[in-house]
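Following the hints, position chain S against chain A.
2 protein chains.
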Amino acid sequence: MIKRFKIGEPLDTNAVVEQLDNSPISEFPLSVKTGEKIEITFNLAPDDKIYGLGEAVRGINKRGWIYESWCSDEINHTEDKRSLYGAHNFIIISGEKKLALFVDNPGKVEWDLGYTSADTAKITVPSNSAYLYTVDGETERDIVRQFRKLIGKSYIPPFWAFGYQQSCWGYATEDDFRNVRDNHRKNNLPLDCIYMDIDYMDSFKDFTINRGLFPDFKSFVDDMKAHNIHLIPIIDAGVKNEKGYSVYDEGHDNGYFCTDKDGNEFECGVWPGIVGLPDFLNTNARRWFGRQYKALTDLGIDGFWNDMNEPALFYSADGLKKAQEKLSKLSEKEIDIWGFFGMKDAVMGLSNSMDDYSSFYHDFDGKKVCHKDVHNIYGAFMTRAASDYFEEEFGKEKMLIFSRASYIGAHRGSGIWFGDNFSWWSHILLNLKMLPSVNMCGFLYCGADLGGFANNCTGDLLLRWLQLGVFTPLMRNHRALGTRAQEAYQFGNTEDFADVLAVRYRLIPYIYSTFRRCSDENDMMFRPLAFDYPNDKIASEVEDQLMLGDECMIAPIYEQNKNGRTVYLTEPMTFVKLSGENVTIEKLGKGIHYVEVALNEVPLFIKDGKKIPLAKPALSTAELNTENLEYIG
Amino acid sequence: MIKRFKIGEPLDTNAVVEQLDNSPISEFPLSVKTGEKIEITFNLAPDDKIYGLGEAVRGINKRGWIYESWCSDEINHTEDKRSLYGAHNFIIISGEKKLALFVDNPGKVEWDLGYTSADTAKITVPSNSAYLYTVDGETERDIVRQFRKLIGKSYIPPFWAFGYQQSCWGYATEDDFRNVRDNHRKNNLPLDCIYMDIDYMDSFKDFTINRGLFPDFKSFVDDMKAHNIHLIPIIDAGVKNEKGYSVYDEGHDNGYFCTDKDGNEFECGVWPGIVGLPDFLNTNARRWFGRQYKALTDLGIDGFWNDMNEPALFYSADGLKKAQEKLSKLSEKEIDIWGFFGMKDAVMGLSNSMDDYSSFYHDFDGKKVCHKDVHNIYGAFMTRAASDYFEEEFGKEKMLIFSRASYIGAHRGSGIWFGDNFSWWSHILLNLKMLPSVNMCGFLYCGADLGGFANNCTGDLLLRWLQLGVFTPLMRNHRALGTRAQEAYQFGNTEDFADVLAVRYRLIPYIYSTFRRCSDENDMMFRPLAFDYPNDKIASEVEDQLMLGDECMIAPIYEQNKNGRTVYLTEPMTFVKLSGENVTIEKLGKGIHYVEVALNEVPLFIKDGKKIPLAKPALSTAELNTENLEYIG
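These protein sequence lines are chains A and S, in that order. Straight run, no breaks: the first sequence in the working numbering ends on number 1568. Straight run, no breaks: the second sequence in the working numbering ends on number 1568.
Same shape as in the complex, but just chain A (with noise of 0.2 Å):
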């Protein structure tokens, strides 16, 4: 059962779609304080679990550390950070009772779950407004589903945005995007999607073209498209401030981007260096930014990734020109080791800095805020007037949209990705664990950048991390500018990574409808092993291993140098290794196996008395034959 309470006189962050009564402060089932701020306690008994917070690192179980919801343009998703790119203001409270909390407020919510005292649970709301959610119910899957309904069903993509996807930062000419194409073709590589990172647009500017890189650009997307590769362009939130480009202009002579405190537009540098950032929050400044994608639709394109909406910010034009004061003094003489340290402060604190959040407004339809008060909407927001320009324009399922910053209630209308990350062996694992975190928010349409996007990769570390992502809805290998090559033929042994991504497309008919599913009965598509066994005390524990809809469990290898890995199985199921157009099966017990897995090989868990469809292999998601599939289990 769900219940909200309102506090104060919350903002309307479009998270959810039903309208409940309040229910009165009184029936709060924890200890909550209000007042300037609202802070929410409550103990932890020694085997109490907590669940949620989406876009996160560390583990399943959230217990034992200080999280803070604040949507931050973070490549280092080490242990020690509190904020990732998305903010999801979910838990649920695991243990005798299982309750859930949802806290719809768009500011920096702090979770300290467990970590100044280890018993003890606290949540700080920087506001005295907000509606808080209690549900309660007898699993976490139930108290999910509910939870989902109240947030409204989620984004389903087109199709082919199941097909297997190639990114990288520096694909700039259009022999590079051929190269990509043909590459994956001539080694009977399937791919759906190419990206186009920055490198596209005219200077970074929103909606343009580098007409010198894309002389037509309409024939080269209908060229691509013949070849049954989609076009992903691109869109940043800040616009390039230059007098003469329209998009500029219209928003400046419309007032539709944000301001400072004397109501003068706020300068902040990105990669077109100064932009105005539009103003998400008032809808005429969103309807108008959501219809410039259409400079993009009309020339072909039918999918786009939102980036750069935390906002991130590498500074604001009055932070630099304070930092530049403070180390045009500190140049001037000799300093010592404190001038130094006070050099590399000025410059290091310039990006995504507090001061800036909290020094610029949004006309939130008629009503002034400070960022700060509700930067964790501004993302979601941007993708809202994307995905509502789509839906209207060109009806559901029809445009593959996905945001980096996120809020509940964007995963009606998009997907995310889990924003820049490493070529790390360790970020399969926190990959793993995010799918069943961000399901319970919404998201479901979802993944990370396969091999990593900054730093260099190895084949090895691809073929693993892709074991894992051929499940993931989203599968895309992404990496930035001056990494290591890493499509699936740069590495030697292309054919183990044609059987491998030939698995993905057997199990495109499995994936989609499954997410469908999960989509219309607002489900989870991945859970942990605890929300399927409750009474299971080693399941309970496991965070390596997830159940996969109502047929499968995976365990993929994440370590570099294996040929197998332990899986707990709780109860009989039947091993299935996937490789090219082979399948091997084998059934083993409930317990714990020690299984092998070769490189080329995709390792899954089907419960007994369960079957899955298998397609024949493919090249694309169009030449896909989902009709005549074989089952397995």
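If you are wondering where the hints come from, they were derived from the structure by calculation, not from laboratory data. Hints may be right or wrong, so weigh each one.
The list makes no distinction among identical chains, and a pair is therefore deemed to hold if it is satisfied within one copy or across any two copies.
To be verified - In the DSS-like style, the derived pairs of lysine-lysine whose C-alpha atoms are separated by at most 30 Å in a straight line are:
no. : residue 1 : residue 2
1   : Lys1522   : Lys1551
2   : Lys1016   : Lys1302
3   : Lys1256   : Lys1016
4   : Lys1472   : Lys1512
This is chain S only, laid out in the frame that chain A set:
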């Protein structure tokens, strides 16, 4: 069998103690190219493993990454790093045949171990000169014994150095130290040492004491000793450039500091501001520096840790000047995004820059050498200054000394700690993996900063880490200024910490005797399971368990919110849980088991037919009864 190959005119790095005849290079068992640089290449069969490289990131099996031997002030021990604090040029190639290689060259050796191409290893020595040693043998352990004989017996510290130790950058006053002592004693928490970080010095000047904080240092040292606490001060490599400071004046007057290309003293900035870098490669300078420790040993100090001796350089005087000029220009005008990046690069590029390492020189006993060509022995030779002096003055096993930077050879006179790290759960496992790797290279007295140096620790992280730390010869809890307090009495459940620390003291007779034996017999204290069970396929890939001595296996819990873990037993063993005075025992058969381990328990596995001694708990090594032992197994 060991062979030595001499290429060019190698410098004497002090790594080995046995002088072998040179074998003709035609007998070198791997492909080798000589010339301006030396390149060693060999093929890797699919199941070949590579062990070694001492202090490094990633697995016990180093295959699949590119490493660089380059002593680095690198706090972020993430998977993408190539170098940490130590440079240990020894690997064992373990395939059908087993062959070890030691590259004795103090420059930046690159180890591409199946990174560029999965089936090829390539080692590049940036010099025309090196001693190459190859060792073959039947087993890895045998190869290590031969190699360790070559490089000489490992350092043995005083017995009390096996007690539990507490450190913190930030303990400043006498009261700070007394509080730490008293809080341990009154909470039944054993303790043998408290560390003094840079705070104790006068303006960070080596071999000085802040007399404001410690008006009568000798009495203070004596008072702590009366409580069975040894104070262990830090010594940094750089000597503050300050006229009137006798250490600097002496070094300066004698020309004992490194110089620039023109022969002027090289000036760089570290904690004290501008320093002179003692030229430890010069025997006279090294002996002079060693004698400086007397200032503290005269006051009763009997242990030191040598830090910042990679050497870490915050900046050079020249580099800072250039950066200031650049920043001054960038501060005068309106800059664009590239100006901002230029600003960032100017500041971030200042520390530990290769330009600086290439711009100063040593007088290596008459030969002028550029620092970059001998970088990796700088820290080792600093510690040699101390250990030579100590042995001469006090004899063997009298002084505790360990170092951050190291090179093989330094293991004879000192220990190492694994340098600055983070309060990350993943570091427990990295700590475990480094143990056998550094043991191969001679370093027996070693350990990581338990609880993590940077960022904030939680009680459960510290407890789990201590459960590995009870087995490491150096068992030190250390944290950085400004992080959450992490002494064993800071988390509420102090009894749990008392239970775990008691186990350390119960185990000291076993750990100490095993340690001594491994030093005497050139053996490894910690070994990968693969070394002991070469024909066990599962064991050969286990990297979260270690063999300890000839009797035991350890398998700590290293993940948060876990009450248990799976463990692989290669043969029947006794599963022991130690907690305070309690011992529980369970016989387990060969195979995979799930075992539960509470937060106050230390898990240990004893091989069938073996027994290990346990002492009664004690609050310090001085109070430990090493005679009256109980045997378990």
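ask   = Using 30 Å as the alpha-carbon threshold, which applies to lysine 1472 and lysine 1512: within, between, both, or neither?
value = So lysine 1472 and lysine 1512 pass the 30 Å test inside a copy (27 Å) and across (20 Å) alike.
query = Between lysine 1522 and lysine 1551, at a C-alpha cutoff of 30 Å, which is it: within one copy, between copies, both, or neither?
reply = within (24 Å within a copy, 50 Å between copies)
ask   = Which holds for lysine 1016 with lysine 1302 at a C-alpha limit of 30 Å: within a copy, between copies, both or neither?
value = neither (33 Å within a copy, 49 Å between copies)
message = My question is about lysine 1256 and lysine 1016: at a cut-off of 30 Å on alpha-carbon distance, are they close within one copy, between copies, both, or neither?
response = within (29 Å within a copy, 34 Å between copies)
When the structure is compared with the earlier hints, a violation turns up for hint 2 alone.
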